[in-house]
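Novice: The residues making up each chain are set out below.
Protein chains: 2
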Amino acid sequence: MEHRKISRAVISRLPRYHRYLGDLLEEGVERISSNDLSKKMHVTASQIRQDLNNFGGFGQQGYGYNVKYLYTEIGKILGLDKTHNFIIIGAGNLGQALANYASFERSGFILKSLFDVNPRLEGMSIRSVQVRMMDELVDFLANNDIEIAALTIPKTKAVEVADILVANGIKAIWNFAHTDLTLPKDVVVESVHLSDSLMQLSYNISRRKESRKK
Amino acid sequence: MEHRKISRAVISRLPRYHRYLGDLLEEGVERISSNDLSKKMHVTASQIRQDLNNFGGFGQQGYGYNVKYLYTEIGKILGLDKTHNFIIIGAGNLGQALANYASFERSGFILKSLFDVNPRLEGMSIRSVQVRMMDELVDFLANNDIEIAALTIPKTKAVEVADILVANGIKAIWNFAHTDLTLPKDVVVESVHLSDSLMQLSYNISRRKESRKK
Numbered sequence: 001m002e003h004r005k006i007s008r009a010v011i012s013r014l015p016r017y018h019r020y021l022g023d024l025l026e027e028g029v030e031r032i033s034s035n036d037l038s039k040k041m042h043v044t045a046s047q048i049r050q051d052l053n054n055f056g057g058f059g060q061q062g063y064g065y066n067v068k069y070l071y072t073e074i075g076k077i078l079g080l081d082k083t084h085n086f087i088i089i090g091a092g093n094l095g096q097a098l099a100n101y102a103s104f105e106r107s108g109f110i111l112k113s114l115f116d117v118n119p120r121l122e123g124m125s126i127r128s129v130q131v132r133m134m135d136e137l138v139d140f141l142a143n144n145d146i147e148i149a150a151l152t153i154p155k156t157k158a159v160e161v162a163d164i165l166v167a168n169g170i171k172a173i174w175n176f177a178h179t180d181l182t183l184p185k186d187v188v189v190e191s192v193h194l195s196d197s198l199m200q201l202s203y204n205i206s207r208r209k210e211s212r213k214k
Numbered sequence: 001m002e003h004r005k006i007s008r009a010v011i012s013r014l015p016r017y018h019r020y021l022g023d024l025l026e027e028g029v030e031r032i033s034s035n036d037l038s039k040k041m042h043v044t045a046s047q048i049r050q051d052l053n054n055f056g057g058f059g060q061q062g063y064g065y066n067v068k069y070l071y072t073e074i075g076k077i078l079g080l081d082k083t084h085n086f087i088i089i090g091a092g093n094l095g096q097a098l099a100n101y102a103s104f105e106r107s108g109f110i111l112k113s114l115f116d117v118n119p120r121l122e123g124m125s126i127r128s129v130q131v132r133m134m135d136e137l138v139d140f141l142a143n144n145d146i147e148i149a150a151l152t153i154p155k156t157k158a159v160e161v162a163d164i165l166v167a168n169g170i171k172a173i174w175n176f177a178h179t180d181l182t183l184p185k186d187v188v189v190e191s192v193h194l195s196d197s198l199m200q201l202s203y204n205i206s207r208r209k210e211s212r213k214k
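Just so you know, the protein sequences line up as chains D and V, in that order.
Position 2, counted from 1, in the first sequence is what this note's numbering calls 2; the numbers after and before it change by one each time, with no gaps.
Position 58, counted from 1, in the second sequence is what this note's numbering calls 58; the numbers after and before it change by one each time, with no gaps.
FYI, nobody ran anything at the bench for these hints, they're computed from the structure.
Note that the structure is a prediction, hence the values are computed from the model and not measured.
Heads up, a few of these hints could be off.
No distinction is drawn between identical chains; accordingly, a pair holds when it is met within one copy or between any pair of copies.
[To be verified] DSSO-like, lysine-lysine: derived pairs with alpha carbons at most 30 Å apart:
#  : residue 1 : residue 2
1  : Lys112    : Lys185
2  : Lys209    : Lys82
3  : Lys171    : Lys157
4  : Lys185    : Lys209
5  : Lys209    : Lys112
6  : Lys155    : Lys40
7  : Lys112    : Lys39
8  : Lys112    : Lys155
9  : Lys5      : Lys185
10 : Lys185    : Lys68
11 : Lys40     : Lys68
12 : Lys112    : Lys76
13 : Lys185    : Lys155
14 : Lys185    : Lys171
15 : Lys5      : Lys76
16 : Lys39     : Lys171
Starting from the given sequences, assemble the full structure and let the hints guide the process.
Specialist: Here it is, written out as structure tokens:
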């Protein structure tokens, strides 16, 4: 199927559709109407129809969407029909938490190694994936086909390590360090800034309190 | 200072401004022009001027912003001038990672306890904060003034636990479980869906590859 150009706003909503469709598949649901999906996802049915029309996967009126088909098509758009080898830099709590998400592997993200500077972690394995020391990183990248690196290290080291990764062929960085990375244009960066998210929560708490006072 | 109504889009950018201004403060920078901040943040100077004008903290032309003042004002908007007591439900790797972020405490988020069902974690402490068993949760909430609960547990348990938290007075949930929570309107929820973020990265990798082929 040839995909037409899909807007950024739709793209940003796709992982959520994919998640809900995956849950429906697990529950054995084969078809779902935009109205039922709308109730589940707390989005308007018309938004859902508009978004999913991009995939040509809309069923006939009153017949609903084919869950499996849409799940697969959205997965393809998201690149989940391919395998992505990745490594984690920083085998502390957060790195280990990411290494333990079996669901990433089911989506095609294959963890090949973790790296750390802490010698106490040397030789350790997480779900049979080995923790290596940082001085083995460049060699490892030369000998393995790694596409993505997750950065779960403090911000003081993140910029330096990101530069090393990019110089050694990494094309995508999943950044958890508390800093933004400025990298060449052909490197994809997706940042998860946990404290930004916590501040958003705190902002919403303040607003909620104010509106209660009124 | 009385704050006028600030748009959602501006609000969503505030944590990032706060982070950059905090970094500047640490570096001892007292004033910065919108142009210099623009270069650092990779946002247009006019966007910065528009955003920061909301806080009345704009310096005279050619004189720049007062870093400390803006940092403080944005912090107030984000509710960071107040203390927020929080607990973490789920003392696995991710819960422990959150517990170890000393920077949250500097922003006024005070971790009071972690809870888990795993008896091997009983009596353990992380940065002198105690891990308690889940059957102590309701009592603990009755006797402590807790505002926020971070949920770092599997999605199969998340909905049930969130309901217990809300029934016992929690008004804000920082949700890391791989599911959306449907809660009463006066409860604030901020979700961090790690796999959604990984899929966004994977989507961008696919697009990048296609554009390279062209």
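Novice: Using 30 Å as the alpha carbon limit, work out where lysine 112 and lysine 185 are close: within a copy, between copies, both or neither.
Specialist: within (25 Å within a copy, 43 Å between copies)
Novice: Is it within a copy, between copies, both, or neither that the alpha carbon of lysine 5 lies no farther than 30 Å from that of lysine 185?
Specialist: Answer is within: at 21 Å inside a copy they meet the 30 Å cutoff, but 36 Å across does not.
Novice: Is it within a copy, between copies, both, or neither that the alpha carbon of lysine 185 lies no farther than 30 Å from that of lysine 209?
Specialist: between (43 Å within a copy, 13 Å between copies)
Novice: One pair to classify: lysine 155 and lysine 40, alpha carbons no more than 30 Å apart. Within, between, both, or neither?
Specialist: For lysine 155 and lysine 40, only the inter-copy Cα distance (16 Å) is at most 30 Å; the intra-copy one is 38 Å.
Novice: Tell me, please, which holds for lysine 185 and lysine 171 at an alpha-carbon limit of 30 Å: within, between, both or neither?
Specialist: For lysine 185 and lysine 171, the Cα distance is within 30 Å only inside one copy (10 Å; across copies 42 Å).
Novice: Within, between, both or neither: how does the pair lysine 40, lysine 68 come out at a Cα-Cα threshold of 30 Å?
Specialist: within (17 Å within a copy, 45 Å between copies)
Novice: Is it within, between, both or neither when you check lysine 5 against lysine 76 at 30 Å Cα-Cα?
Specialist: within (14 Å within a copy, 41 Å between copies)
Novice: Measure nothing new, just compare the shortest in-copy and cross-copy C-alpha distances for lysine 209 and lysine 112 to 30 Å and report within, between, both or neither.
Specialist: between (47 Å within a copy, 22 Å between copies)
Novice: Are the CA atoms of lysine 185 and lysine 68 at most 30 Å apart within a copy, between copies, both, or neither?
Specialist: This pair counts as neither: shortest intra-copy Cα distance 35 Å, inter-copy 33 Å.
Novice: Up to 30 Å between alpha-carbons, please classify lysine 112 paired with lysine 76: within, between, both or neither.
Specialist: Within. Shortest intra-copy distance 23 Å satisfies the 30 Å Cα cut-off; inter-copy 43 Å does not.
Novice: Can you tell me if lysine 209 and lysine 82 fall within 30 Å by alpha carbon in one copy, between copies, both or neither?
Specialist: between (46 Å within a copy, 12 Å between copies)
Novice: Pop the pair lysine 112 and lysine 155 into one bin, within, between, both or neither, using alpha-carbon distances up to 30 Å.
Specialist: For lysine 112 and lysine 155, both the intra-copy (23 Å) and inter-copy (26 Å) Cα distances are at most 30 Å.
Of the numbered hints given earlier, the model fails hints 7, 10; all others are met.
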